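S.K.: Could you build the full structure based on these sequences and the hints that come with them?
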Amino acid sequence: MGNLWAKLNLSKREFGILIGAILGDAYVERHEKDARVAIMHSIKQKELVDWKYQELKRFVKMQPMQSEYFDSRYGKKYFWWRFQTRRFPELKLLGDMFYRKNKKIIPKNIDQLLKDPISLAVWYMDDGGRRKDCHGMFLNTLSYSKTEQQKLQKCLVKNFGIETRVHWISDGYRLYIPTSHAKYFCKLISPHIIPSMIYKLPYDPVTTESAGIWRMR
Numbered sequence: 022m023g024n025l026w027a028k029l030n031l032s033k034r035e036f037g038i039l040i041g042a043i044l045g046d047a048y049v050e051r052h053e054k055d056a057r058v059a060i061m062h063s064i065k066q067k068e069l070v071d072w073k074y075q076e077l078k079r080f081v082k083m084q085p086m087q088s089e090y091f092d093s094r095y096g097k098k099y100f101w102w103r104f105q106t107r108r109f110p111e112l113k114l115l116g117d118m119f120y121r122k123n124k125k126i127i128p129k130n131i132d133q134l135l136k137d138p139i140s141l142a143v144w145y146m147d148d149g150g151r152r153k154d155c156h157g158m159f160l161n162t163l164s165y166s167k168t169e170q171q172k173l174q175k176c177l178v179k180n181f182g183i184e185t186r187v188h189w190i191s192d193g194y195r196l197y198i199p200t201s202h203a204k205y206f207c208k209l210i211s212p213h214i215i216p217s218m219i220y221k222l223p224y225d226p227v228t229t230e231s232a233g234i235w236r237m238r
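Residue numbers 22 to 238, in the working numbering, belong to the letters of the sequence shown in order.
Fair warning: there could be bad hints in the mix.
To be verified - Here are the simulated lysine to aspartate or glutamate pairs, EDC-like style, with alpha carbons at most 20 Å apart:
#: 1; residue 1: K124; residue 2: E169
#: 2; residue 1: K122; residue 2: E111
#: 3; residue 1: K125; residue 2: D154
#: 4; residue 1: K136; residue 2: E35
#: 5; residue 1: K136; residue 2: E76
#: 6; residue 1: K113; residue 2: E53
#: 7; residue 1: K82; residue 2: D154
#: 8; residue 1: K167; residue 2: D148
#: 9; residue 1: K172; residue 2: D148
#: 10; residue 1: K113; residue 2: D55
#: 11; residue 1: K179; residue 2: E169
#: 12; residue 1: K204; residue 2: D137
To be clear, the hints were calculated from the coordinates, so they are not data collected in a lab.
Treat the numbers as computed from the prediction; the structure is a model and nothing was measured.
M.R.: Spelled out as structure tokens, the structure:
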């Protein structure tokens with residue numbers, strides 16, 4: 022995988038952030054010979070957008086911009102912040118791994134891509150949450166099949182020693198991190214969690230004590 026990024030001079034940290042973002046809310050816009058990554062979050066998550074921009078700005082032309090969308094079905098207007106990388110052939114190769122017919126998938130070689138705790142942290146900031154009834158955590162992987170969930174499970178055990186369960190909720194599967202592994206998961210990702218996302222952690226990143234109900238939103 023290192024050879025793939027040689028032309029971009031991509032650091033391990035930058036690569037890890039990209040992998041986490043693509044597993045999360047980022048979208049790879051593929052073209053015939055190249056591709057770019059689009060980052061977009063709600064207006065409430067501007068700090069997360071700004072952090073990702075600062076980390077990846079070597080590959081970005083313009084600063085984050087605010088956009089809006091009017092949903093005529095409900096008569097509501099939505100606002101978000103977004104930016105996108107420049108187009109590179111190397112990103113096309115990465116996009117082809119994560120997409121089939123414009124649908125995001127889990128690549129066969131996910132265990133070679135998802136290896137850095139910062140990837141877990143970015144993915145969790147995008148799609149993660151904490152249970153309200155215990156110290157368990159979850160990753161919203163609803164768009165992936167059960168087979169893909171199992172690929173992720175094997176990867177998390179192999180590369181991080183994290184045990185998960187596949188839970189079915191009303192509209193799909195998601196990965197559940199039980200209380201027995203949640204504290205270790207927090208220890209792995211907390212150095213990379215930005216201040217506005219600390220509320221998602223069930224354990225205090227400094228003391229490792231229970232964060233308490235007060236932190237939940």
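S.K.: Now, for every hint given, state plainly whether the structure supports it.
M.R.: Hints and how they fare:
1. K124 - E169: Within the cut-off at roughly 13 Å; holds.
2. K122 - E111: holds, 19 Å
3. K125 - D154: violated, 31 Å
4. K136 - E35: holds, 13 Å
5. K136 - E76: holds, 18 Å
6. K113 - E53: holds, 8 Å
7. K82 - D154: Distance ~44 Å between K82 and D154 Cα, so the pair is violated.
8. K167 - D148: Holds: K167 and D148 sit about 17 Å apart, inside 20 Å.
9. K172 - D148: Roughly 17 Å separates the two Cα atoms, so the pair holds.
10. K113 - D55: Distance of about 5 Å is within 20 Å: holds.
11. K179 - E169: Given that 20 Å is the threshold and the Cα spacing comes to 15 Å, the pair holds.
12. K204 - D137: holds, 18 Å
Hint compliance for this structure: hints 3 and 7 are broken, all remaining hints hold.
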